[in-house]
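Enquirer: Sequence:
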Amino acid sequence: MKKLIVLLIALMLFTPLYGQSTDITQRPTSYWFSGNPDRDNAWNWMKEANNNIFGNIGTGKSFYADSGVNIEGAGLTMDSAKDTLDEAINLCTANRGDRIYVAQGHREDGVVGTAALWTADVDGITIIGLGQGSLTATFDYNFTSNTCVVSGNNVTIHNLRFQPSTSAITIGVLVS
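Start counting the sequence shown at 1; every next residue gets the next number (the numbering used here).
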């Protein structure tokens with residue numbers, strides 16, 4: 001009986017350290033699994049996986065482009081997105097680590113007499129197309145002179161679709 005009482009007392013003393021209750025209705029934090037983020041392998045593995053999948057977001061701002069937006073806004077949310085990628089690029093600040101999310105189903109068509117559909121001329125930005133397959137953000141080269149220009153340093157582009165509608169594209173993506 002004494003052993004049982006000693007065991008119960010020991011459990012009551014150490015339970016607050018390791019058996020902390022978890023509020024699963026809130027977003028997980030570093031204390032969510034064990035109450036100690038330094039010794040919580042599961043939390044550290046999740047942080048590492050998050051960085052591997054989404055990258056280190058850094059200190060940059062997020063901007064949005066969506067050709068299907070009803071009312072073009074400031075580009076700071078998907079609801080107030082810019083309607084062209086070039087307008088969203090113009091919101092970025094060089095080397096701050098800004099990201100532009102291009103909406104699923106976004107489409108820009110080349111215009112006669114206009115060479116560049118967009119020009120990524122801001123250093124250190126990341127352009128991320130959302131969606132997959134036919135719903136990926138699409139840039140359609142309707143005329144021979146249409147192109148997309150990447151002239152900034154450290155510009156990263158993910159998941160954009162470049163589609164020629166004519167058989168004689170001079171330069172698809174110009175990296176200068």
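None of these hints come from the bench; they were simulated from the model. Cβ atoms here follow ideal geometry from the backbone N, Cα and C, with glycine treated the same way. Be a bit skeptical, because a hint or two may be false.
[To be verified] Estimated spans, in silico, between C-beta atoms of each pair:
1. 79 - 168: 38 to 44 Å
2. 61 - 5: 27 to 33 Å
3. 166 - 96: 16 to 22 Å
4. 9 - 156: 34 to 40 Å
5. 170 - 77: 20 to 26 Å
6. 111 - 80: 22 to 28 Å
7. 134 - 73: 51 to 57 Å
8. 87 - 176: 58 to 64 Å
9. 142 - 59: 34 to 40 Å
Enquirer: Hint by hint, note whether the structure agrees.
Expert: Each hint tested on the structure:
1. Distance hint check for residue 79 and residue 168: the Cβ-Cβ separation is about 39 Å, which falls inside the suggested range of 38 to 44 Å.
2. Our hint of 27 to 33 Å for residue 61 and residue 5 is violated, since their Cβ atoms are close to 60 Å apart.
3. At roughly 37 Å, the beta-carbon separation of residue 166 and residue 96 lies outside the given 16 to 22 Å, and the hint is violated.
4. About 58 Å separates the C-beta atoms of residue 9 and residue 156, a value inconsistent with the hinted range of 34 to 40 Å.
5. Restraint check, residue 170 to residue 77: a C-beta distance of roughly 37 Å breaks the suggested window 20 to 26 Å.
6. For residue 111 and residue 80, the hinted distance range of 22 to 28 Å is satisfied, since their beta carbons lie about 25 Å from each other.
7. Separation of residue 134 from residue 73 is about 27 Å and departs from the stated range, judged on CB atoms against 51 to 57 Å.
8. For residue 87 paired with residue 176, a C-beta distance near 21 Å fails the hint of 58 to 64 Å.
9. For residue 142 and residue 59, the Cβ-Cβ distance of about 38 Å falls inside the hinted range of 34 to 40 Å, so the restraint holds.
Taken one by one, the earlier hints fail for this structure at numbers 2, 3, 4, 5, 7 and 8, listed in ascending order.
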